[in-house]
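Going line by line, the protein sequences match chains A and B.
Each residue of the first sequence is one higher than the one before, counting from 1 in the numbering used here.
Each residue of the second sequence is one higher than the one before, counting from 1 in the numbering used here.
To be clear, the hints were calculated from the coordinates, so they are not data collected in a lab.
Nothing here was measured: the structure is a model prediction, and the numbers come from that model.
Ideal placement from N, C-alpha and C gives every residue a C-beta, glycine not left out.
It cannot be assumed that every hint is accurate.
[To be verified] Taking lysine to any residue and the SDA-like style, the derived pairs with C-alpha atoms no more than 20 Å apart in a straight line are:
hint: 1; chain 1: B; residue 1: K51; chain 2: A; residue 2: E382
hint: 2; chain 1: B; residue 1: K50; chain 2: A; residue 2: Y40
hint: 3; chain 1: A; residue 1: K5; chain 2: B; residue 2: K79
hint: 4; chain 1: B; residue 1: K79; chain 2: B; residue 2: T23
[To be verified] With beta-carbon atoms standing in for the labels, derived distance ranges:
hint: 5; chain 1: B; residue 1: I69; chain 2: A; residue 2: E313; range: 51 to 57 Å
hint: 6; chain 1: B; residue 1: Q66; chain 2: A; residue 2: K360; range: 40 to 46 Å
hint: 7; chain 1: B; residue 1: Y31; chain 2: A; residue 2: L81; range: 51 to 57 Å
hint: 8; chain 1: A; residue 1: P425; chain 2: B; residue 2: I78; range: 30 to 36 Å
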Amino acid sequence: MSRLKGIYTDIVKIRRMVFAELARLALKDAECEEFDKIPYRIIDTEEATYRSSIFKERAIVAARVRMGLGMDYETNQEHKLLSEGIRDFLNNDNQLKEPLVNVIRFACEKCPTNAHFVTNNCRKCLAHPCSIVCPVDAVSIEEHAAVIDQEKCINCGKCKEACPYEAIVNYERPCAAACGVEAIESDDYNRARINQNKCVSCGQCIIACPFGAIADKSMIYQLLKSINRGEDVRAIIAPSFVGQFGPLVSAEKIVAALKKIGMEEVREVSLGADFASLHEAELFAEAVPEQQPYIGTSCCPSWTYIADKHVPETRENISDSSSPMIFAAQSVKENNQNSKVVFIGPCVSKKLEALSDKVKDEVDFVITFEELAAIFVAADIELTKVEAEEEISDASYYGRAYANAGGVAEAIRQNLKEKYEIDPPITKADGLAECRKTLTKAKAGVIDGHLIEGMACEGGCVGGPGTLLATNRGAKNVNKFADQAPYKFAFENDKLNSRC
Amino acid sequence: MVKVKICVGSHCSLVGALNILETLEELQEEYPDQIQIERVECLDKCEDIKKAPVVKVDDEIITSAQNQIVISKVMERIK
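With the rest of the complex left out, here is chain B (with noise of 0.2 Å):
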């Protein structure tokens, strides 16, 4: 089971949270066994806004986080 925690606070939210977030969760119908999302307030990290959006994969924080970048390091733990 892969476990992301996704922020989706003011920051995350304004560049691209919702966006990952959406792609996450249709990822998930597919692998509905293999993911676990989580919402969550805020991760500390994004204090200038550069480091948003701010994603945890498992154990390891991705800041600046894109879309590509954060389904390759999903797909990488469920192969």
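Isolated chain A (complex conformation) (with noise of 0.2 Å):
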């Protein structure tokens, strides 16, 4: 997990009060030219404060609000008034499109790539283990302190490993450093750069840039216009949201929150989960070890890209089972055909798995929880006065827990053992680089029989980049809501009926 998550930095604070700004402008159906206004009422001093100058610091902003509008980066070789791209764009299709996450390229402050370094830590020692247990002669002992020469090193950390003074260490971009699947590489002028190749979309990569040069699309925008005009707009929301906005804002309030803004109905996402464990339990009784030799989870849209991008050999087992969010949004569209359904959750690659062809037309919208806060407080929405009219009770206890690392393999088991009479072997892999490896070893057959639980951020859907909470505080927060819910099982939830 980057080193950042969960740390209130500057870098959050302007990426929030962008999205703050944006709302506001879509709430008041403001003109393009306001926009032009917005990196001038975030940065409103008149010196730098946080780069080099305060022109570069406003273009930084001005990207961000591009992308905060679903647009795509520009490099600024050209110029062209953040208005008048509004204008072409909200004119056009003004739907955003791939790539979702971006480097803001003149943000990027081209931090060194991987390497080992001697610090002045080094006490030039006598035993210089450093240099011995070197495999390619790369460390040398000059004058006042051990040297690594760059051009021989092969990183392989021996050096680091073996210093008695801690003096060597392994530098890392912290983009890099955070993508579990090595989607970051560098260009021409050794600023990152994303692979989309081998991208996921998870936006991790987000959270750990300590320049705040890397960011996502938002639809804030083509949300709040739909609401305007009118629509019915429904929410989805998902498992993890309990205690995001705050310790004195309940459940319920979040839901009347809501409906303030002008969602005619919010359901939980966990009613999708209750539905897809179900599901997900069917097709292992039924296809596993027989027809297929194990079954990976369909829920986390980026564990599903690491096997189509990394080890498509294994993509054929991760469950067509549709995704909660998807079962939750069918939930609601059935019964309000005209409806538009905006999913709310931590997640950044849900955004573009409801851009897929499979998912357009059941998920209309996707925003994260930190983009709903800066809804909110566009909206002058006080939480904590919010009045709670209705209690929710969509979901099992199983089905709430979806959101901790575990939880969605353990949905399954239950109904396993209830329904079929199975106890599945479980493999769990948690954050990326795990990912990658889980399905490695599954395309090697070592976890045969398995049902494999793949979560691309650290603790589960709580570790979210779209979270407010710390990963641990949200798990808790998720486990008492948990204990509330009216039904234990998937198998238990009355509300599931008429689709079962």
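Hints given; two lone chains; assemble the complex.
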């Protein structure tokens, strides 16, 4: 997990202020020219605070505004006012397109790539094990300290482990270190570049970059304009939502606040999770091991993209069952065919899942908890003072616990035990790098017969980049809310009867 | 006993109050008898979001509060 996850920095602040400004302008149906003012509203000092110049600070905010509207990144090589670009975009299809996650190239500080360095902790000791253990003779003992020849060094790390003074550090680009699928490369100017053939849009690099140089696109504007036009918009909210808006804001208050901003209805995605866990249990019972050697879960889009892009041999064994998001959206649209559905979650890659041909008719918008918090502020809704109206009781304990790592496999296992008397062996992959490793194992046949859960974000969905809470706090809230569920198991959930 | 009131309303939560609360609660675990934390709805000081988050340490109101400032104010009073 990136070290920056859960820490509130000025990067987080600027990101959220941009969201709040976009929401404010969307809510008041502002003219395109108003968007030109956002960089000045957010960076309102006379001198630079964060970077080499205030003009650069504002240009970076402008790039964030573009992507916040769902527009493509632009290289700044041509003169174009923000408002002109926005007008073109809004007059055309105003739909965001891949790539979802982008480097704001002129914000990238070109950190050195993976390398071992000797720091001034080095005492030029007599033993100098660093040079002795080096397999490629890259460490020499110079006048004042050990020196690593970067041409020769293969980054094996042996010298770092051998040093008695902790004098050798492994320096990695934080974005690349956070990327478990090695999608971060360098461009001709040595800035970070995302290889889209490898990227699974998990969003971990957005959180990890200490210069705030990576951003994803947003649908805040499209969502709020749809509500403004009077369309019938209904929300489905992911299981990790509890507690994300502060300790005094109950789940019921969040639901009431969503209705205040114009949602006709709010449903728990955990309802879809109950449906998905039953469906995947059925698939497992029918197909493993006779027709397929193992089953991987379907709910994390980045996990399925890892299979697509990195270990394609395993893709057919990742469940083709739809994700909880799709089931929840279908259950809303069943009775309200002309409605639009917004998925609200912790997830960046769900934005991409929602653009796919299979899903685009089910889910119309995807926003994160962080983006929603900014909408509440822009709409001047004080969450702590909202009157809670109805109780929400859509899902089972195990459906609500889907948001924690391990929760998905456990829910499916409970169904398998009860309905099919099967207690399958389980493998859980927690985090991007582990997901990839696990799929490689699955390909090799080492975990045949297993139910395999993949979660690209460490800790599960509660560790997603769109959360406001630290991962462990989010997990605690999810467990507490799961304890209050009206049903224990998915198969007890009578709200599913119509669909099972 | 240091009394800390921290606003966890919409504005303050968006701009870092939840993280300050987390740090305060961790500090409280170390000094359980010396810090009292009250999470409050709104201290009516954040009409401009630039003043959020708002934290009150005993009688002192801190606007645009940041982790390190709040913690140092609390520690000053403990020691």
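Query raised in the report: Does the structure break any of the earlier hints, and which numbers would those be?
Result: 3 and 8
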